[in-house]
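Peer 1: Sequence:
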Amino acid sequence: MTLTDELFHCTSITEAAGCVRDILEQTDIQIEEMIHTNKGKHRDLIEKMTGIIHHVKFAREPFRAFGYYFPEFKGLQGESLNADIVHKLPPDSLLWFVLSDSLYNVRIADFLSEDLTRTIRKNNYETMTYSYPLVKMGRLL
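If you read the sequence shown in the numbering used here, its first letter stands for residue 1061, the second for the next number, and so on.
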């Protein structure tokens, strides 16, 4: 999948990470390795020359209830990441959110600057997430 494809469609994290890798390599950024993270649901692509991490998350749909949880963004959609993932990434990392038919990216510093957090409780498990509106991200496809 490349930026010049007429129809962009991803169905898995494997395809999503491959797409991001292709985009980076089209801009002469070589990827040294790809690491599976978060039980295989995310990928970290590491630049060969700089060591910068490109964290890739695949989701079939965006976080549609974003505007409900963050009323200042009423009517908008967003994306989110668990805090434990965000806190492990270096400050120069880039985040890539690949949806089934579109692709967004944002610097981790910008993602955290909104300070949009919420706590999710599920099956006696509690985790904090950070969220960010899609309209503030760079949309590539």
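None of these hints come from the bench; they were simulated from the model. Misleading hints may appear alongside valid ones.
As a list, the in silico DSS-like pairs of lysine-lysine whose alpha-carbon atoms are at most 30 Å apart [as the list claims (entries may be wrong)]:
1) K1099 <-> K1148
2) K1148 <-> K1182
3) K1196 <-> K1148
4) K1182 <-> K1108
5) K1182 <-> K1099
6) K1101 <-> K1148
7) K1101 <-> K1196
8) K1148 <-> K1108
9) K1196 <-> K1182
10) K1108 <-> K1196
11) K1196 <-> K1134
12) K1134 <-> K1182
13) K1134 <-> K1108
14) K1182 <-> K1101
All of these numbers come straight from a predicted model, not from anything done at the bench.
Peer 1: Flag every earlier hint the structure violates by its number, smallest first.
Peer 2: 4, 13
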